[in-house]
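Novice: Could you build all of it, start to finish, from the sequences and the hints given here?
As numbered in this note's numbering, residues 3 to 256 make up the sequence shown, in order.
Be aware that one or more of the hints could be misleading.
[As the list claims (entries may be wrong)] Distance ranges between label pairs, derived from CB positions: (1) V247 / A147: 47 to 53 angstroms; (2) V30 / L178: 31 to 37 angstroms; (3) R245 / P188: 18 to 24 angstroms; (4) P150 / E239: 40 to 46 angstroms; (5) L116 / C255: 18 to 24 angstroms; (6) D209 / L250: 17 to 23 angstroms; (7) L116 / L178: 29 to 35 angstroms; (8) D7 / H127: 18 to 24 angstroms; (9) D197 / V247: 16 to 22 angstroms; (10) R230 / R40: 24 to 30 angstroms; (11) E184 / R40: 37 to 43 angstroms; (12) P150 / V247: 51 to 57 angstroms.
No lab work stands behind these hints, which were simulated from the structure alone. Just so we're clear, the structure is a prediction, and the values are computed from it rather than from any experiment. Every residue, glycine too, gets a C-beta built ideally from N, C-alpha and C.
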Amino acid sequence: GLPVDTLIKESAPSQYEINLLHSPDALVAADQAVMLRRAIKGVARQHALRASFMAKPFGDLAGNGLHVHCSLLDANGDNAFDNGTAQGNGLLRQAVAGCLSALQDSMLLFAPNLNSYRRFQRGCHAPLAPSWGYENRTVAVRIPADSPAATRIEHRVAGADANPHLVIAAILAGMLHGIESELAAPAPLAGNAYDQLPPSLPRYWPDALARFGESEFVRTGLGEEFQRVYAIIKQQELDEFDRHVTRLEYDACL
Numbered sequence: 003g004l005p006v007d008t009l010i011k012e013s014a015p016s017q018y019e020i021n022l023l024h025s026p027d028a029l030v031a032a033d034q035a036v037m038l039r040r041a042i043k044g045v046a047r048q049h050a051l052r053a054s055f056m057a058k059p060f061g062d063l064a065g066n067g068l069h070v071h072c073s074l075l076d077a078n079g080d081n082a083f084d085n086g087t088a089q090g091n092g093l094l095r096q097a098v099a100g101c102l103s104a105l106q107d108s109m110l111l112f113a114p115n116l117n118s119y120r121r122f123q124r125g126c127h128a129p130l131a132p133s134w135g136y137e138n139r140t141v142a143v144r145i146p147a148d149s150p151a152a153t154r155i156e157h158r159v160a161g162a163d164a165n166p167h168l169v170i171a172a173i174l175a176g177m178l179h180g181i182e183s184e185l186a187a188p189a190p191l192a193g194n195a196y197d198q199l200p201p202s203l204p205r206y207w208p209d210a211l212a213r214f215g216e217s218e219f220v221r222t223g224l225g226e227e228f229q230r231v232y233a234i235i236k237q238q239e240l241d242e243f244d245r246h247v248t249r250l251e252y253d254a255c256l
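Specialist: Set out below in structure tokens:
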């Protein structure tokens, strides 16, 4: 019963991209993403295989992302970003600006695990800085080429290991912040973002945790209790990882 749209072979061996059809209900969309992941894992087990949604299961191969497409509907059910052109309207740019302003503070939701940060490497198809552009797959927020009625944001930061409910909540909170605050987006980026912008998103788990725990945006947009509890949980997980010495450290230092 899942609304699967397309299934595409991706760049790495045994890697696939599966697209779900859009839903006007954000909660339904998140539930469907979770159910799809569970269904894939269950079917794989039936065939003595293992399906992985790790952000970076293999260090030398492409990682797994969770790209979220989002538009807004007005009271008439029409696309609120549509102004009849491929560029979209001012509301779209405010929403983009909000997403960009919230990226660093929200990184712990988009990349919730130690392994999540292996994905953010130059040339690995994951964005490294807050950036946006039209039909540009090197930026963090892309406006896909489509008909004006389908004008939307593609948020390209989260990994496949992230919780879809929390990812969507963070994206919507960022868009709302941009619209309510009437933020101005920078000029859209043309060309390779990796060559034009220095990396500025949190590249390591502790850095993302610190930004999240101190963020006024998270506190206002997602709630003080959620901020506190989620930060405590992630600190516990980080402490557990810190107690383990890796094989690489033994090879380098023993």
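Novice: Each hint should be assessed against the structure and marked as holding or not.
Specialist: Tested hints:
1. At about 48 angstroms, the beta-carbon gap between V247 and A147 stays in the expected band of 47 to 53 angstroms.
2. The given range of 31 to 37 angstroms is broken by V30 and L178, whose C-beta atoms sit roughly 19 angstroms from each other.
3. Judged by the Cβ atoms, the range 18 to 24 angstroms given for R245 and P188 is violated: they are separated by roughly 42 angstroms.
4. For the pair P150 and E239, the beta carbons lie near 44 angstroms from each other, so the given range of 40 to 46 angstroms is met.
5. The hinted window of 18 to 24 angstroms between L116 and C255 holds, with their beta carbons roughly 20 angstroms apart.
6. For the pair D209 and L250, the beta carbons lie near 21 angstroms from each other, so the given range of 17 to 23 angstroms is met.
7. In this structure the supplied range 29 to 35 angstroms holds for L116 paired with L178, their Cβ-Cβ distance being about 30 angstroms.
8. Take D7 and H127: their Cβ atoms lie about 21 angstroms apart, and the range 18 to 24 angstroms holds.
9. Roughly 37 angstroms separates the CB atoms of D197 and V247, a value that falls outside the hinted 16 to 22 angstroms.
10. Separated by about 29 angstroms at the C-beta atoms, R230 and R40 satisfy the suggested range of 24 to 30 angstroms.
11. Taking the beta carbon of each, E184 and R40 are about 40 angstroms apart, inside 37 to 43 angstroms as hinted.
12. Separation of P150 from V247 is about 55 angstroms and conforms to the stated range, judged on CB atoms against 51 to 57 angstroms.
Hints 2, 3, 9 from the earlier list are contradicted by this structure; the remaining hints agree with it.
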